[in-house]
Amino acid sequence: MANKILVFVEQRNNEIKKSSLETVKAGAEFAKELNAEVEAVVVGGDIADFNSIAKYGVPKVTHIKNQDLNVYTSSGYAQVLSDFANETGADLLLFANSAMGRDLSPRVAVKVDAGIVADCVGFTFENGEVIATHPVYAGKALTDVKINSPKKIFTIRPNTFNLGDAADATAEVSVKEVDNVNTSVKVVDITRASDKLDVAEASIIVSGGRGMGGPENYAMLEELAGLLGGAVGASRAAVDAGWRPHSDQVGQTGKTVSPNLYIACGISGAIQHMAGMRTSKYIVAINKDPEAPIFTIADYGITGDLFEVVPALIEEIKKG
Amino acid sequence: MKIAVCVSHVPDTAAKINVGADEKSIDKNGVSFIINPYDEYAVEEALKTKEALGGEVVVISLGGDEVKETIRKALAMGADSGVHLKKEGYFDSYATAKALAEELKAQNAEMVFFGKQSIDFDSGVVGQMVAEMLGYNSVSVVVDLKIEGNNIRAEREIEGGKEVVETTLPAVITAQKGLNEPRYASLRGIMQAKKKTIEEKEAQTGDSRVELLKMRKPAPKAPGKILGSDASVVPELVRLLKEEAKVI
Ligand SMILES: Cc1cc2nc3c(=O)[nH]c(=O)nc-3n(C[C@H](O)[C@H](O)[C@H](O)COP(=O)(O)OP(=O)(O)OC[C@H]3O[C@@H](n4cnc5c(N)ncnc54)[C@H](O)[C@@H]3O)c2cc1C
Ligand SMILES: Cc1cc2nc3c(=O)[nH]c(=O)nc-3n(C[C@H](O)[C@H](O)[C@H](O)COP(=O)(O)OP(=O)(O)OC[C@H]3O[C@@H](n4cnc5c(N)ncnc54)[C@H](O)[C@@H]3O)c2cc1C
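Order-wise, the sequence lines are chains V and C.
Each residue of the first sequence is one higher than the one before, counting from 5 in this note's numbering.
Each residue of the second sequence is one higher than the one before, counting from 7 in this note's numbering.
Derived from the structure by calculation, the hints contain no laboratory data.
Keep in mind that the hints are not guaranteed to be accurate.
Claimed, not checked - Taking lysine-lysine and the DSS-like style, the derived pairs with C-alpha atoms no more than 30 Å apart in a straight line are:
{"#": "1", "chain 1": "C", "residue 1": "LYS152", "chain 2": "V", "residue 2": "LYS155"}
{"#": "2", "chain 1": "C", "residue 1": "LYS111", "chain 2": "V", "residue 2": "LYS115"}
{"#": "3", "chain 1": "V", "residue 1": "LYS190", "chain 2": "C", "residue 2": "LYS92"}
{"#": "4", "chain 1": "C", "residue 1": "LYS22", "chain 2": "V", "residue 2": "LYS115"}
{"#": "5", "chain 1": "V", "residue 1": "LYS36", "chain 2": "C", "residue 2": "LYS220"}
{"#": "6", "chain 1": "V", "residue 1": "LYS115", "chain 2": "C", "residue 2": "LYS92"}
{"#": "7", "chain 1": "C", "residue 1": "LYS252", "chain 2": "V", "residue 2": "LYS292"}
{"#": "8", "chain 1": "V", "residue 1": "LYS190", "chain 2": "C", "residue 2": "LYS252"}
{"#": "9", "chain 1": "C", "residue 1": "LYS248", "chain 2": "V", "residue 2": "LYS322"}
{"#": "10", "chain 1": "C", "residue 1": "LYS22", "chain 2": "V", "residue 2": "LYS292"}
{"#": "11", "chain 1": "V", "residue 1": "LYS180", "chain 2": "V", "residue 2": "LYS190"}
{"#": "12", "chain 1": "C", "residue 1": "LYS22", "chain 2": "C", "residue 2": "LYS93"}
{"#": "13", "chain 1": "C", "residue 1": "LYS54", "chain 2": "V", "residue 2": "LYS155"}
{"#": "14", "chain 1": "C", "residue 1": "LYS152", "chain 2": "V", "residue 2": "LYS115"}
{"#": "15", "chain 1": "C", "residue 1": "LYS56", "chain 2": "C", "residue 2": "LYS220"}
To be verified - Ranges of calculated distance between the beta carbons of each label pair, as one might list FRET restraints:
{"#": "16", "chain 1": "V", "residue 1": "GLU226", "chain 2": "C", "residue 2": "SER238", "range": "18 to 26 Å"}
{"#": "17", "chain 1": "C", "residue 1": "GLY234", "chain 2": "V", "residue 2": "GLU226", "range": "23 to 31 Å"}
{"#": "18", "chain 1": "C", "residue 1": "GLU208", "chain 2": "V", "residue 2": "ASN90", "range": "30 to 38 Å"}
{"#": "19", "chain 1": "C", "residue 1": "LYS152", "chain 2": "V", "residue 2": "ASN184", "range": "27 to 35 Å"}
{"#": "20", "chain 1": "C", "residue 1": "VAL170", "chain 2": "V", "residue 2": "GLY230", "range": "27 to 35 Å"}
These numbers were taken from a predicted model, which means no experiment stands behind them.
Ideal placement from N, C-alpha and C gives every residue a C-beta, glycine not left out.
When you get a sec, could you build the whole thing from the sequences and use the hints?
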């Protein structure tokens, strides 16, 4: 049961994140299924346009403001969000399972006295109850769980809800100024590897393993990913060889991803690699070894030399 | 400084996972267990902190008798003592956090290390919940840590980069790969670990809030299509991605 749903919408650098819009879409769906109210909350920043939130189904938006909230502070965000949830009587909170969502939501759970299920990849609704699917053992098994406490928090893995088309809608925004923000934990600097898309958030990933032969050959994967609007990932063998940064590693000790399309180039498909990407909606494998385990989970496979196949793929996609 | 590390006992990353007959847990037959890989970074960082600032390191694990093996592993790496919070059966992240927080309060630990995630249930939440229960500061998914006096400067991994976070003691840190290189337990360490004490206590978990209805294997994927063995099938691949999969 839930009466009031609150969706936490994350801003970074005054921009609303795509994974949060997916969470907004989830919130709208929850509200319909549970016959509940839904609203969204944005903390900090200087946001020009909240209409994207309305366009994905949640018109009611509160913007909590204080200059100490412009940059992430887990202590401050947890405080203002919990206060707001208590004031509005929200009993179901949704977060994206992003770096911020995962840092913040457990603290909010304790503050508002909620049960929490992190990293959900699907939901069903039965008699007004939410049943969440949470992968365990690196996705080698799935659990169906429900929260029995009156207050509930779910964090949702990026790409679980596809954004689809935006409706034409305008947000009703109320601004809430707060004071005495607790900044005992404060972000003082952000270093960006670059402006590149993170594999954990990308809806298309082109990933390269030991079969790439060396760091210089990733240029063609960058080109392919660029054409597709995706990100480049890597296996641990490529990361351990120093060809790619650890932040690109997909797998059990790297990132867990579920893009719409995962293209594995020169990756054998070790159990720890597959653990991190098996929930991808479509998997393409390019590997010269027809016995490579990656083919057991690939939707489409080419058992050939990636140094021929990848350039041909780039040319074919350029044709449009 | 009193330093604590919380460690979980998990199946090896290479283990094949089968669901047990109860459809609520895994079939443990033939599965070997290890210290949670992220908790090894946590133990290493705790030991480094002790070496730099002095103090003692206590290792805490919650679960059945089997978790003692993982506590011993941390003791062999160099931790001073262990606490086994005994509890069989099912408990959720909240209950886990509750039991750990109760013990940490009793220990009066100023600096507490966790892994960023336990690779069994993969929630990545217990450390932050414990911090909130204790009223401690926390930084999660940390890849670099400096403690000077009362001040902490930590780098945490975020999408496409890193955040530099400043806070103060007492604090909880959750460790990510890259934070350090965990040491191997020496033979001497292993021998000494046998003599170190592991105190056993009844775990105060309270009630679980999350109910596990069912554990299942992901639906097997229908066998994919091998399109061919060279670049001549690339146009067909692109057509399928556009028309059948509709992903590009
Ligand atoms: C505790 C632990 C955690 C781990 N975590 C991870 C993790 O998070 N992520 C991860 O990826 N791994 C992880 N591993 C490592 C994993 O077991 C494998 O070693 C690793 O995934 C192998 O990477 P790879 O597929 O790139 O290399 P390989 O297994 O060496 O495969 C290379 C493949 O490239 C193919 N190839 C070579 N040349 C060409 C060519 N010209 N054209 C086409 N194909 C070609 C080969 O046929 C081969 O199949 C972990 C291991 C352990 C023990
Ligand atoms: C939905 C759900 C169902 C569950 N079902 C079962 C079940 O059927 N059988 C069963 O035995 N358990 C079950 N558990 C319990 C689960 O095994 C424990 O909660 C697990 O130890 C922590 O998992 P987590 O994903 O919450 O930890 P995370 O939040 O990922 O853990 C983060 C860190 O917390 C610390 N930590 C976590 N667990 C412990 C621990 N036990 N002792 C000391 N430190 C720890 C470690 O430092 C770890 O790196 C379930 C948990 C959940 C959330």
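Holds or violated: LYS111 (chain C) and LYS115 (chain V), Cα atoms, limit 30 Å. 18 Å, holds
With the threshold set at 30 Å, check whether the alpha-carbon distance from LYS248 (chain C) to LYS322 (chain V) stays at or below it. 14 Å, holds
What's the verdict on LYS152 (chain C) and LYS155 (chain V), does the C-alpha distance respect the 30 Å limit or exceed it? 37 Å, violated
Hinted pair LYS190 (chain V) and LYS92 (chain C), Cα distance within 30 Å: 36 Å, violated
LYS152 (chain C) and LYS115 (chain V) were given as a pair; does the straight-line alpha-carbon distance stay at or below 30 Å? With a Cα-Cα distance of about 28 Å, the restraint between LYS152 (chain C) and LYS115 (chain V) holds, given a limit of 30 Å.
Range first: 30 to 38 Å. Now tell me if the beta carbons of GLU208 (chain C) and ASN90 (chain V) are that far apart. 33 Å, holds
Restraint check for LYS180 (chain V) with LYS190 (chain V), where alpha carbons must lie at most 30 Å apart: Within the cut-off at roughly 21 Å; holds.
Hinted pair LYS22 (chain C) and LYS93 (chain C), Cα distance within 30 Å: Distance of about 25 Å is within 30 Å: holds.
Quick one, are LYS115 (chain V) and LYS92 (chain C) close enough, alpha carbons at most 30 Å? 27 Å, holds
GLU226 (chain V) and GLY234 (chain C) - C-beta distance against the hinted 23 to 31 Å: Holds, at about 25 Å.
When you check the alpha-carbon spacing of LYS22 (chain C) and LYS115 (chain V), does it fall within 30 Å? 38 Å, violated
Next pair to validate is LYS252 (chain C) with LYS292 (chain V); report whether the Cα-Cα distance is within 30 Å. Holds. LYS252 (chain C) to LYS292 (chain V) sits at ~26 Å (cutoff 30 Å).
Hints 1, 3, 4, 8, 13 and 15 from the earlier list are contradicted by this structure; the remaining hints agree with it.
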